Amino acid sequence: MYFYQDPEFGERMITLMAALVLVLQIAMVGQRYLVTNIRVFAAQSFLLAGIATTIAYFNKAPHIYFAAALTFVVKVVFLPWFMERLVAKVEIRQEIEPLINVPLSVLISGCLTIVGYVVAESFYHPEAGITAATLGHNTLAVAIALFLIGFFMMINRRKAVTQVLALLSLENGLFLAAISLTYGMPLIVELGVFFDLLVATMVLGILVYRIRETFDSMDVSKLRRLRG
Amino acid sequence: MTSILLSAALQLLFVLMLAPLVSGVIKTLKARLQMRLGPGIFQPYRDLYKLLRKGMVIPETASWIFSAAPLVVFSTATLVGLMIPMISAEAPLSLFGGVLAVVYLLGLGRFFLALGGLDTGSSFGGLGSSREMTISALAEPAMMLAIFTVALSANSTNLSEVARSAIGQSWRFLAPSQMLAFAALFVVLIAETGRIPVDNPATHLELTMIHEAMILEYSGPYLALIEWGAWIKQLILMTLLINSFYPFGLSTDLSPAGVAVGLGSYLLKLVLLSSLIVLVETTNAKMRLFRVPELLAVAFILGALALISTFLF
Numbered sequence: 001m002y003f004y005q006d007p008e009f010g011e012r013m014i015t016l017m018a019a020l021v022l023v024l025q026i027a028m029v030g031q032r033y034l035v036t037n038i039r040v041f042a043a044q045s046f047l048l049a050g051i052a053t054t055i056a057y058f059n060k061a062p063h064i065y066f067a068a069a070l071t072f073v074v075k076v077v078f079l080p081w082f083m084e085r086l087v088a089k090v091e092i093r094q095e096i097e098p099l100i101n102v103p104l105s106v107l108i109s110g111c112l113t114i115v116g117y118v119v120a121e122s123f124y125h126p127e128a129g130i131t132a133a134t135l136g137h138n139t140l141a142v143a144i145a146l147f148l149i150g151f152f153m154m155i156n157r158r159k160a161v162t163q164v165l166a167l168l169s170l171e172n173g174l175f176l177a178a179i180s181l182t183y184g185m186p187l188i189v190e191l192g193v194f195f196d197l198l199v200a201t202m203v204l205g206i207l208v209y210r211i212r213e214t215f216d217s218m219d220v221s222k223l224r225r226l227r228g
Numbered sequence: 001m002t003s004i005l006l007s008a009a010l011q012l013l014f015v016l017m018l019a020p021l022v023s024g025v026i027k028t029l030k031a032r033l034q035m036r037l038g039p040g041i042f043q044p045y046r047d048l049y050k051l052l053r054k055g056m057v058i059p060e061t062a063s064w065i066f067s068a069a070p071l072v073v074f075s076t077a078t079l080v081g082l083m084i085p086m087i088s089a090e091a092p093l094s095l096f097g098g099v100l101a102v103v104y105l106l107g108l109g110r111f112f113l114a115l116g117g118l119d120t121g122s123s124f125g126g127l128g129s130s131r132e133m134t135i136s137a138l139a140e141p142a143m144m145l146a147i148f149t150v151a152l153s154a155n156s157t158n159l160s161e162v163a164r165s166a167i168g169q170s171w172r173f174l175a176p177s178q179m180l181a182f183a184a185l186f187v188v189l190i191a192e193t194g195r196i197p198v199d200n201p202a203t204h205l206e207l208t209m210i211h212e213a214m215i216l217e218y219s220g221p222y223l224a225l226i227e228w229g230a231w232i233k234q235l236i237l238m239t240l241l242i243n244s245f246y247p248f249g250l251s252t253d254l255s256p257a258g259v260a261v262g263l264g265s266y267l268l269k270l271v272l273l274s275s276l277i278v279l280v281e282t283t284n285a286k287m288r289l290f291r292v293p294e295l296l297a298v299a300f301i302l303g304a305l306a307l308i309s310t311f312l313f
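Each protein sequence line maps, in turn, to chains A and B. FYI, the numbering for the first sequence is 1 to 228, going by this note's numbering. FYI, the numbering for the second sequence is 1 to 313, going by this note's numbering.
No wet-lab data here; the hints were simulated from the structure. Fair warning: there could be bad hints in the mix.
Stated by the list, open to error - With the C-beta cut set under 7 Å, the calculated list includes, among others, these residues of chain B facing chain A:
#, residue
1, Leu174
2, Pro176
3, Met179
4, Gly249
5, Gly264
6, Glu294
7, Ala297
8, Val298
9, Ile301
Small disclaimer: the values here were computed from a predicted structure and weren't measured. Glycine included, every Cβ here is placed at the ideal spot set by N, Cα and C.
Okay, chain B solo, but in the shape it has when bound (with noise of 0.2 Å):
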C-alpha cells in the first residue's frame, strides 16, 4: 500500500515538473535548429512563476465554467498522468482504467477548454474552440485506431499489461503493423498539441491560430492552469507513443537499478522523439486550415491499416 502511494507521489511531482522542461527542450531545440538562441529549456518554469503571481482580468460575461474549465483541464491532465506508465510498466492508477479512460479524460479536458473559449462570446475564443473541435474530431478515430492496434497485440487495454507485453515480444517494434500504428499516432500528436503542419504553438497574432484562439480571454494563475494542462498533456501523449511502442528499458519493477535505468532511456526517448518533432516542425509550412482534415485521413488509413494488418500479418 505504501509503496503505491510512494511511487503515486512521485509520479506526480515527476509529471508536473517534467512536463514545462519538455517544451522548453523542444522550444530551444526547434531554436538552434534555426539558428537561434532560443529562450533557455528552463524558460517554461519561469513563465508558470510569472503567471501564477499575477492578477487576473475576468470579462464581464463570463460564467462559472470560464473559471471551472482551467481547473478541470488541468486536473484531468494531472489524473491521466498517474494511469500511464513512466519509468516503471506498473503505473500507479492502471487499476482505475485503461487506454480508454486516458483517451476520453483528455477528452473531457478539451471539452471543458472549449466551452471556457465560447463562454466569454469573443469572437476568436468560438473560433478557437469550433477549430479545435473540428480537429479533435478528426484525430480521435486515427487516435483510436492506432490504440486498438496496440491494445490487440497485448490482449488488453490496460496500459501497464501493453507495456509489459511489448517488453516480452522483442522483435514486435519491427512488425509492419506496430509503425503504422506508430505513423498514425505521430500524427495524431501532432494535430493534438497543436504543433505546426497543424497549428503554430509560437504566435497568438494569426487568424490561423487555434489553441491560442481558445485561451486569448485567460490570464495570470488561470493561464498558467491551462498551459501546465497543455504542457502535461503532450507530455502524455508523447509518453504513450514511447512506451507502448518502443519500451525499451522499461522497468517492470520497482528497485532502484531498474527505476534508475528506466528513467535514463525514458528521458533520452523523450529528448529522441522531441528532435523528432522538431524537425517535423522546422521542415514543413503551416497548411492551411482546409487542408488539415486531409492530414488526418492520411493517419486514420494508417490507422486503419495497421488494425487490418494485425490480423493479417
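Here chain A stands alone, though its shape is the one from the complex (with noise of 0.2 Å):
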C-alpha cells in the first residue's frame, strides 16, 4: 500500500492543516496590515479546501470535492480579489487599529484556543470506537477556537472591512467543524451558505463603500451620530 493510501497519513495531514489554520488566524489578529490580512484569510481558506479534498479522498465521499472546489473558486480567488479591490477603491488607512493592544489580542486568542480544547475534549469519546469521533476530536478543537477567535476579531476591530473580514474567518470555523464530524453537510445546505456569505460580502461592501461616502471614515463608531 502506498503512503498516500494510508488512512493514518490521511489523518496526519488533516491535523497538520488545521493547526495551520489556526496558526494563520492567530497571524490574522497579530497582523496590522489589512490587505496582509486578506491575503492570510485567502491563505486559510485555501487549506480549508486541502482539508476539504483531503477528507473527501481518504472517506470516498466525491461530493465533498464539489464543497472544497466552491471554497477555493469562492473563498480563495473571489472574495480575497473582491475585498482588496474594496479597499483600493475606498483609500482608506492600510493599517488596522485594534481596540485591545496586539500583543494582548494574541494572549487572548491562545486563551480561547485552550477553552476550544477543553469544550472539544467533553466530546470526546474514545471509547465509542467510531473513527468519525476520533478523526473529529482535533478539528473540532481548531473549528471552535477559529469560532471563538473570530467573534473577538469582530468585537476588537473598528472598521466595517475588517469586521467583514473577522465575519469570514468565522465562517471558516463553521465549515471545518461541518466538514470534520459530518464529512459535509448537504450539497443544498453548502450552496445556500456559500450563496449567503457571497451576498453578505456584497451587501457589506456596498455599505463599506456608502459609510465612507457619508462619514468620510469607515469607523463604524461613528455611525451612533445616526441617533436623533
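With the hints as a guide, bring both chains together as one complex.
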C-alpha cells in the first residue's frame, strides 16, 4: 500500500493542516496591515479547501470535492479579489487599529484556543470506537477556536472591512466543524451557505462604500451620530 | 575514550570552520536574490583573517570587562557547539548538560556581550545593550516553550536523546505540536541572530541597530572573536532547529558511511534553512523597535500552543 492510501497519513495531514489554519487565524489577529490580512484569509481558505479534499479522498465521499472546489473559487479567489478591490477603491488607511493592543489580543486568542480544546474534549469519546469521532476530535477543537477568535476579532476591530474579514474567518470555523464532523452537509445546504456568504459580503461591501461616502471614515463607532 | 576525544576534536574543528561559511552562504544567497553579485561565500574567512592581524583600539574608560566579554562570548559559543548533535546523534559533550545548559550558556555569552557594550560608557553601546536585553528577555520564554515541547515528546532534555527519539518516530515531524514549536523557534532564531524583521545585520549606520550598536567600540582581534562567536551561535541555533525537528539522515553511530550520509544531509538541510532565512529577510521590511514585542508575542503563543497540543493530540 502506498503512503498516500494510508488512512493514518490522511489523518495526520488533516491534523497538520488544521493546526496551520489555527496558526493563520492567530497571525490574522497579530497582523496590522489590511491587505496582508486579506491574503492571510485567502491562504487559510486554501488550507480549508485542502482539508476538504483530503477528507473526500480518504473517506470516498465525492460530494465533498464539490464543497472544496466551491471554497476555492469563492473564498480563495473571488472574495479576496473583491475585498482588495474595495480597499483600493475606498482609499482607506492600510493599518488596522484594534481596540486592544496586539500582544494582548494575541494572548487572548491563545486563551480562546485553550477554551476551544477544553470544550471539544467533552465531545471526545474514544471508547465508542467510531473513527469519525476520533478524527473530529482535533479538528473540532480547532474549529471552535476559530469560531471564538473570529468573534473576538469582530469585537476588537473598529472598521467595517475588517469586521467583514472577521466574519469570514468565523465562517471558516463553521465550515471546518461541519466538514470534519459530518463529512459535509447536504449539497443544497453548502450551496445556500456559500450564496449567503457571497451576498453578505457584496452587501457589506456596498455598505462600506456608503459609510465611507457619508462619514469620510469607515469607523463604525461613528454611526452612533445617527441618533436623533 | 579516544573515539570521544577524536569526535570532540572533529566537531570543534567543524563548528569553528563551518560557522563563517554558513554566514557567507546566507549573505551571498541574499545578494543573488536581490539581483546583486554579493561578496562570495568565503568573505567571512577573509574578514576574520584581516581582523585577527590588526591592532586594537581600547577606549580609555574601559575596564577588564571590556576585554573579558569577547573571550566569554567566543568560548561559551564554542562549548555549546560541542554539546549539540550535528552530524551524529552523539554529541561529544552531551553528558555535560542538556538543552537547558545550551540555552543558558548562550545566555551567559549574551550577558557578557551586553556588559561589554555598557562598559565603555558610550551612549550607543548602552542603547544596544538595553535593546538586546529587551529582545532576548522576550524571546527566551518562546524558546523555552518550544524546546520543552521537543523535550516532552522525547522524555528527556538531553539533545542526543531528543535526536535519537526523533529518528525513531518517522511521522512525528508532521505532528501539529512539532510544526508549531518549529515556527516559534524559527522566530526566535530570527530575533536572536539579529536578522531582518528584528535587526539589520548588514549595517552599522542606523539608529535602530541592536547587535552592531553593542559592538561599536570593539576592533581588531576582539571584534573578530565577537563576530566569530555570533556566527557560531547562529550555526548552533540552526542546528538545534534542524536536528530536533527534522533529523533525517542523522547517523546514530560513528561509522564512516553513517557519518558521510549524516554530513551530506546536514549540509543540505543547512542550505535549505538558510534559503528560508534569506527568503524571510528579503520579503520583509525591518520592523519598528516597538513592534518587535508583537512578533515575539506571536512566537510565545505558538510555543504555548505547541506545548498544550502535545498533551491534547
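Each hint tested on the structure:
| no. | hint | verdict |
| --- | --- | --- |
| 1 | Leu174 | 5 Å, holds |
| 2 | Pro176 | 3 Å, holds |
| 3 | Met179 | 6 Å, holds |
| 4 | Gly249 | 19 Å, violated |
| 5 | Gly264 | 24 Å, violated |
| 6 | Glu294 | 4 Å, holds |
| 7 | Ala297 | 4 Å, holds |
| 8 | Val298 | 5 Å, holds |
| 9 | Ile301 | 4 Å, holds |
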